[in-house]
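Protein chains in written order, with my numbering: chain A, 1 to 304; chain B, 1 to 272; chain C, 1 to 272; chain D, 1 to 271; chain E, 1 to 271.
Hint data in this document are derived by calculation from the structure and do not stem from the laboratory.
Any given hint might turn out to be false.
Claimed, not checked - Label pairs and their calculated CB-CB ranges:
(1) Glu200(A) x Asp58(D): 41 to 49 Å
(2) Thr87(D) x Glu243(A): 18 to 26 Å
(3) Val34(D) x Asp280(A): 38 to 46 Å
(4) Trp171(D) x Glu174(A): 48 to 56 Å
(5) Gln191(B) x Trp171(D): 58 to 66 Å
(6) Trp171(D) x Ala36(B): 34 to 42 Å
(7) Asp241(A) x Thr87(E): 35 to 43 Å
(8) Gln191(B) x Ile175(D): 31 to 39 Å
As the list claims (entries may be wrong) - Which bits of chain D does chain A cover? Going by a derived footprint, with three or more residues having C-beta under 8 Å, they are:
(9) 41-50
(10) 199-211
(11) 243-251
Unchecked claim - No farther apart than 25 Å at their CA atoms in a straight line, the calculated lysine to aspartate or glutamate pairs in the DMTMM-like style are these:
(12) Lys252(E) x Glu256(C)
(13) Lys111(A) x Asp128(D)
(14) Lys176(E) x Asp128(E)
(15) Lys257(D) x Asp156(D)
(16) Lys100(C) x Glu158(E)
(17) Lys97(A) x Glu75(A)
(18) Lys252(E) x Asp145(B)
(19) Lys110(A) x Glu174(A)
(20) Lys176(D) x Asp168(B)
(21) Lys252(D) x Asp168(B)
(22) Lys259(B) x Glu256(C)
(23) Lys252(E) x Asp156(D)
(24) Lys257(D) x Asp156(E)
(25) Lys257(D) x Asp145(B)
(26) Lys257(D) x Glu256(B)
(27) Lys100(C) x Glu118(C)
(28) Lys257(D) x Glu39(B)
(29) Lys176(E) x Glu256(C)
(30) Lys110(A) x Asp156(D)
(31) Lys100(C) x Asp142(B)
(32) Lys204(A) x Asp40(D)
(33) Lys259(C) x Asp145(B)
(34) Lys252(D) x Asp128(D)
We put the beta carbon where it would ideally sit given N, CA and C, even for glycine.
Here's the letter readout for the chains.
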Amino acid sequence: GSGDPEDIVVTLDWFQNANHAGIYEAVDKGYFEDEGLNVSVVPPADPSAILSLIASGESDFAMYYQPDLLQARNEGIPVVAVAGVVQRPLNSMMALKSSGITRPADLAGKKVGTPGLPWNEAMLTTMLEADGLSRDDVELVDIGWTLNQSLMAGTVDAVIGVYWTHELIVLENEGYETNVLLPDDWGVPSYYELILVTSEKTVKDRPEMVEKFVKAFNKGYGQALDDPQGSIDTLIRLNPDAEIDEAVDRAGVDLLVPLWESNGQPVGSLVGERWDSLGDWMKAQSLIDTSVVPSDAFDSSFGD
Amino acid sequence: MTSTPQASRTENNESVDSECALLSVSGVGFDYDNAAILEDVSLSAERGEFVALVGPSGCGKSTLLNLISGVLTAREGTIVSSGLVTRTERLGNISYMQQKDLLLPWRSVAGNSRMGLELRGIGRAESDIEVERLAGLFGLTDVIDSMPWQLSGGMRQRVALLRAVLPDNPVLLLDEPFGALDAITRRSLQQWLLNVLDTSNKVVLLVTHDVEEAILLADRVLMMAPNPGRIVAEVEAKFGDSISESDLSTSPEFIELKKHILNLLSDQENIQ
Amino acid sequence: MTSTPQASRTENNESVDSECALLSVSGVGFDYDNAAILEDVSLSAERGEFVALVGPSGCGKSTLLNLISGVLTAREGTIVSSGLVTRTERLGNISYMQQKDLLLPWRSVAGNSRMGLELRGIGRAESDIEVERLAGLFGLTDVIDSMPWQLSGGMRQRVALLRAVLPDNPVLLLDEPFGALDAITRRSLQQWLLNVLDTSNKVVLLVTHDVEEAILLADRVLMMAPNPGRIVAEVEAKFGDSISESDLSTSPEFIELKKHILNLLSDQENIQ
Amino acid sequence: MNLLNTWFGNWRSSVVGWLPAIATTIALVVLWEVLVEVLDVQRWLLPAPSVILTELSDSFGLLTRHAGITLIEIVIGFAVSVSLGVTIASGIVWSRTVERSIYPIIIASQTIPVITLAPLLIIWVGTDIMSKVIVIVLFTFFPITISLVSGLRYVDHEMVDMLRTLGASSWQTFIKLMIPSALPSFFAGLKVAAVVSVIGAVIGEWFGASSGLGFLMKIAGPQFQTARVFAAIVVLSILAIGLFAAVVAIEKWVLRKYPPTANQVVRLGES
Amino acid sequence: MNLLNTWFGNWRSSVVGWLPAIATTIALVVLWEVLVEVLDVQRWLLPAPSVILTELSDSFGLLTRHAGITLIEIVIGFAVSVSLGVTIASGIVWSRTVERSIYPIIIASQTIPVITLAPLLIIWVGTDIMSKVIVIVLFTFFPITISLVSGLRYVDHEMVDMLRTLGASSWQTFIKLMIPSALPSFFAGLKVAAVVSVIGAVIGEWFGASSGLGFLMKIAGPQFQTARVFAAIVVLSILAIGLFAAVVAIEKWVLRKYPPTANQVVRLGES
Ligand SMILES: Nc1ncnc2c1ncn2[C@@H]1O[C@H](COP(=O)(O)OP(=O)(O)OP(=O)(O)O)[C@@H](O)[C@H]1O
Ligand SMILES: Nc1ncnc2c1ncn2[C@@H]1O[C@H](COP(=O)(O)OP(=O)(O)OP(=O)(O)O)[C@@H](O)[C@H]1O
Ligand SMILES: [Mg+2]
Ligand SMILES: [Mg+2]
């Protein structure tokens, strides 16, 4: 760890928001520096290209989504998770309170908007089946990236594919009360929404660096856990040009805090059964091949 | 075609020279870019009259025809043709063969020729009959379906002439209609033109560089001078309505008249 | 300009009629769309010779000039001009004034006129001197900076002529160069052309519809017949190198010759 | 006319003439394959042509089915664009007032990113074929309009005068002179539009669709099925080349009837 | 020449001439405002013009700063596109072999959705200005090329023959005849490209940028700052109209030097 600090690039999954409070704390409080790492955190140029960037070595680490990691590995992209960040699904189904929809069964004969991705459709199917309906009992409408607007405008009765820690708040701030249906309440295995990802090559070639990074990273989230609003201050301070929507992120971080160490697991932990259960479910939904080995997709040895 | 109703309108117009003049131009001036091209040009022609206009190149002959036809607007002066006073009224009611042939490249000889009839709403069948009637005389029968780029220069000129004369207008403005034709073809078209005039009481105003042509065809030859363009002389030239040059070109009066006009012309160019 | 080195090359070419012929066309045939336009056309001209080509409209005169200049390729036969045998060799080494004026619309009179010089890499200053030298004679001094669309028809024709004659080529092909000019302007340009020929030993091949012009200017008049185009008669016409029509047009030989040619011409058209 | 080649060469020479083009394409594909191999580019980043080819044959049915849907959208969108472009261009050429009033609006329409428009589109017209047609129209009417305006504007004014002396009304001048002489420009616009319509359809499908090649790419992308994405691009390219070729064929046919000058094309490189 | 209006009217009439255009624009804006009010359209869906105007003035500094960056990208991208377009078009017109070899490639290039290209772009050229320039070029070189090809192709072949008789080489014919006579078409392509370059820049900025109007819109969108998105669109529209006007001004200036026929424009609606 002595000598020149090592330059490390971390790509975020999206523009800076409350989800990233911990990593900025680690930067701000010098946890990375302490480990001899010179870390720069960048928002993604193109969110869909993030895992490609990791696999090709353009970026050392990224924050990304667990199901997508498995799908990437299904296609042979050599990426692995080295820490868990958000330990529950954030992706959820949402309906306006006024619609009276409180459980999947209420959706019978209703219109559900999806972003048009197979992943969300599979999630919806499982949720419906868990409450005694089938996919054919609802009308699926692909509304692309206009979930909020469609919901607010009443074009659809419910949407799937929105974050209950973000869109919920946004809608509330706009004056819309909503009901949220969490997928892990309705048959979908609980998975890690956000994980820290790196490439197999990095794990193999530079394990000490990964070790140090994960240590500092987890410490950062620990700090954010202790002082959530303070971490948002840090986030805003370090990203003056990012146009951070304070109103949403201040509320959001309070919802997120419990998720950073849910199920009694410490910050950063990765639990094997949860990978297996998600993997089995994804295989059942034909989202990945049966040949994918979920336990190869993560390396929990760095968090300890 | 529409001369009767409009003729009555002319009665009220005081600038019209004489009631029987089918074409009357008076005091016309025209500028391009603030340079006077025509100044106080006046002329008139009665029914059945054939007037020739000669003058040095660039003196404004084509400009004058553009004004009469309605393509250009005069700075001053009045132009009345069969009772039509405004520029837009005259447009389309005077047959005008321009100096350039201006054939539409995507229309065959027949298609170009019938343009004037087509624009008046005359049906394809009827106009084809009209075109065919004259195509033989104009020597265009063989090329009736050819495209303009397949024609010789003289053929193009004949198509332009045919197009101009097909609509039955009382006034015919012809800007060098025979310039690209050989002597024999030219002769037969000249003869045809004289016959048309004879039988229909039209007015023909012919711009030509060929002094012999002017004398042979016209009843009167007007001489234009340049800078600014104006009419400086008028010569009577009654040599009958049929051309047989062999007789005429040796006749002393003809030679005299030709010399006279050529002298006038060379005076103009020397002064200039 | 480049005739000397290429002339020697001709020695080896057997199809060249005579060594002193500057222009020699032999057995040329040409088709458009499988229709024979020219058939077995032969002619030759020596240094200093002025040859006129007359014939009914559409008989193939312009096509022949296109072949000689190198714009078109003959189906059969050979064309040699100052030793240049292939089409591409001839292109650019024969001055050719086409029947259409083909002025570039974005170039002024001066710009269009100097085109041929410019293409040979002659500098602006030098070519401007050349243009100005002739502009006065061609009556273009006043419009030297005008754009083509500001010109009268006759002016456009004079610009095209000026452009064609400025490059100093041994052979001049002129397709109706004076058709749109009044008698006086035409006379002075004709005289200039004769002087050029006198002093430079060029060959001039002139296409014209004006039989008098042909007789007055040319040493020989070739008569073309149509369908397919071919040369059917050759008439000697030595009326001296200076034109003063007043003397000539009354002279009995002149009138006789003109009648003769007109008869030949009308025979052609009647046969056709 | 050795300087010029006629539009329609005979078939034999046509086939021979295509050989260099085919050779170039093959060379490029081989180069790509080799580069992917040599530089060890991962197939999820840029698949080798061989991989794409395999995917093409494996998913042939899927791709053609979706391509059919995309093609229908394109054809409808294209037809709407042509009508719209002709109407706007005519208005612009007809009067300066129309020109000045409409230009800022149509230019502004080109600066709206579809992603901004998407919520409005989906809410107002739904996610059926209409929304894709609108996106295609947004992409294609502009080049059609601008090219047509240019063609209509640079008409020979002496021809206009000639027609007027024959009594042509403004409308007749427009129909009988301006439209025919604007055809070459018009077809230039159509060619751009034909090609751009393909990407327009893809983007239209990106925001709300359940079929079409754009939809296929959208769902293949997050699943890291890069080979399928590129296979879809290959199909899209074939579609675009086909549409372009169709416009060229129509152009040849129409311009044989309405030749701008002589019916010939100048080729400087081939004498 | 009453049938024709000269290109350059005098200033006075020019200002009066713009009145209808201004009136139309104002009318549209008012209609928009009223519709938003009457239909009770939520401002996160479609903000009223007044809201956008407020945002425009509130964020004036922010918007102009980002607009400046976008403009720089556009100018560079545009310059590259023009060079590329002229080169490709010349090659296509020069020889049929080049035409056949290159057309399929350039058409295919137009069907690649930028979203697919993005990972490659980011990895190969990074996210600096270069990647945006590439996207702009991808959007703009195609209309430039196609229009220029059309202009170069429909040259008067009699003029070509005339120049040949004067000894012009192929190159001289190209420079002295074909280029000048292709100018109207070329400018039609430039006009399309000028406008399209703006959206090209936005999309380029969408994938990897930390500044520029596209970046601003991308981060404003998910935050429901719809007013800011529309304010950015207004700035983009002004940018596009400005670029378009610049091309028109250059066109007027160049075509006054190289008039295709007479230096006049036919206006049918105004006699
Ligand atoms: N559009 C224009 N702009 C400026 N000047 C012009 C324009 N058109 C013609 N002129 C000028 O007007 C004058 C008269 O031209 P016009 O065409 O009437 O001559 P013309 O007598 O017909 O000559 P020609 O016998 O050569 O045809 C010429 O000096 C010409 O330069
Ligand atoms: N591109 C072409 N395609 C087909 N036929 C053509 C083409 N060009 C000319 N012709 C035909 O060739 C013949 C000769 O034309 P050419 O122009 O040589 O005649 P010309 O003797 O110059 O006539 P004019 O005296 O009328 O100028 C004409 O019958 C014409 O129709
Ligand atoms: Mg004239
Ligand atoms: Mg001819």
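Hint by hint, here is what the structure shows:
Checked against the hint of 41 to 49 Å, the C-beta distance between glutamate 200(A) and aspartate 58(D) comes to roughly 27 Å, which is inconsistent with it. For threonine 87(D) paired with glutamate 243(A), a C-beta distance near 41 Å fails the hint of 18 to 26 Å. Between valine 34(D) and aspartate 280(A) the Cβ separation comes to about 41 Å, which falls inside the hinted range of 38 to 46 Å. Distance hint check for tryptophan 171(D) and glutamate 174(A): the Cβ-Cβ separation is about 53 Å, which falls inside the suggested range of 48 to 56 Å.
Range check, glutamine 191(B) to tryptophan 171(D): Cβ separation about 39 Å, and the 58 to 66 Å hint is violated. The hinted window of 34 to 42 Å between tryptophan 171(D) and alanine 36(B) holds, with their beta carbons roughly 36 Å apart. Look at aspartate 241(A) against threonine 87(E): about 39 Å separates their beta carbons, and that is inside 35 to 43 Å. Distance hint check: the CB atoms of glutamine 191(B) and isoleucine 175(D) are about 37 Å apart, consistent with the given range 31 to 39 Å.
Interface restraint, the region 41-50 of chain D with chain A: holds (4 residues with C-beta to C-beta distance below 8 Å; minimum three). Closer than 8 Å: that is the beta-carbon criterion, and the region 199-211 of chain D has 5 residues meeting it against chain A, so the requirement of 3 holds. Residues of the region 243-251 of chain D lying with their CB closer than 8 Å to a CB of chain A number 0, which falls below the three-residue condition for coverage. Between lysine 252(E) and glutamate 256(C) the CA atoms are separated by roughly 60 Å; this puts the pair beyond 25 Å, and the hint is violated.
For the given pair, lysine 111(A) sits about 15 Å from aspartate 128(D) by alpha-carbon distance, which is consistent with the 25 Å threshold. With a C-alpha separation of about 40 Å, the suggested pairing of lysine 176(E) with aspartate 128(E) is violated against the 25 Å cut-off. Restraint check for lysine 257(D) and aspartate 156(D): the C-alpha separation of about 19 Å stays at or below 25 Å, so the hint holds. Using a Cα cut-off of 25 Å, the hinted pair lysine 100(C) and glutamate 158(E) holds, with the two alpha carbons roughly 9 Å apart.
In summary, the hint linking lysine 97(A) to glutamate 75(A) is not supported, as the alpha carbons are separated by about 40 Å, beyond the 25 Å threshold. Distance restraint check for lysine 252(E) and aspartate 145(B): the Cα-Cα separation of roughly 40 Å exceeds the 25 Å cut-off, and the hinted pair is therefore not satisfied. Distance check on the hinted pair: lysine 110(A) and glutamate 174(A) sit about 24 Å apart at the alpha-carbon level, within 25 Å; holds. Proposed proximity of lysine 176(D) and aspartate 168(B) is supported: the alpha carbons are some 21 Å apart, at most 25 Å.
A threshold of 25 Å between alpha carbons decides the hint, and for lysine 252(D) with aspartate 168(B) the separation of about 37 Å lies outside it, so the pair is violated. A hinted pair counts as satisfied when its Cα atoms are at most 25 Å apart, and lysine 259(B) with glutamate 256(C) qualifies at roughly 20 Å. Proximity of lysine 252(E) to aspartate 156(D) is assessed by CA-CA distance (about 17 Å); at most 25 Å being required, the pair is judged to hold. Taking the CA atoms of lysine 257(D) and aspartate 156(E), the gap is about 17 Å. The hint holds against a cut of 25 Å.
With a CA separation close to 12 Å, the supplied pair lysine 257(D) and aspartate 145(B) stays within the 25 Å bound. Distance check on the hinted pair: lysine 257(D) and glutamate 256(B) sit about 53 Å apart at the alpha-carbon level, beyond 25 Å; violated. At roughly 21 Å between alpha-carbon atoms, lysine 100(C) and glutamate 118(C) fall within 25 Å of each other, so this suggested pair holds. Taken as a hint, the lysine 257(D) and glutamate 39(B) pair is broken in the structure, with Cα atoms around 45 Å apart against an allowance of 25 Å.
Annotation: proposed proximity of lysine 176(E) to glutamate 256(C) is violated, straight-line Cα distance about 49 Å (limit 25 Å). Taking the CA atoms of lysine 110(A) and aspartate 156(D), the gap is near 62 Å; set against the 25 Å cutoff, the hint is violated. As the CA atoms of lysine 100(C) and aspartate 142(B) are separated by approximately 23 Å, the hinted pair is consistent with the 25 Å bound. This hinted pair checks out: lysine 204(A) and aspartate 40(D) have alpha carbons roughly 19 Å apart, not beyond 25 Å.
Restraint check for lysine 259(C) and aspartate 145(B): not satisfied, since their Cα atoms lie roughly 35 Å apart, outside the 25 Å limit. The hinted pair formed by lysine 252(D) and aspartate 128(D) fails the criterion: a straight-line CA distance of about 35 Å is larger than 25 Å.
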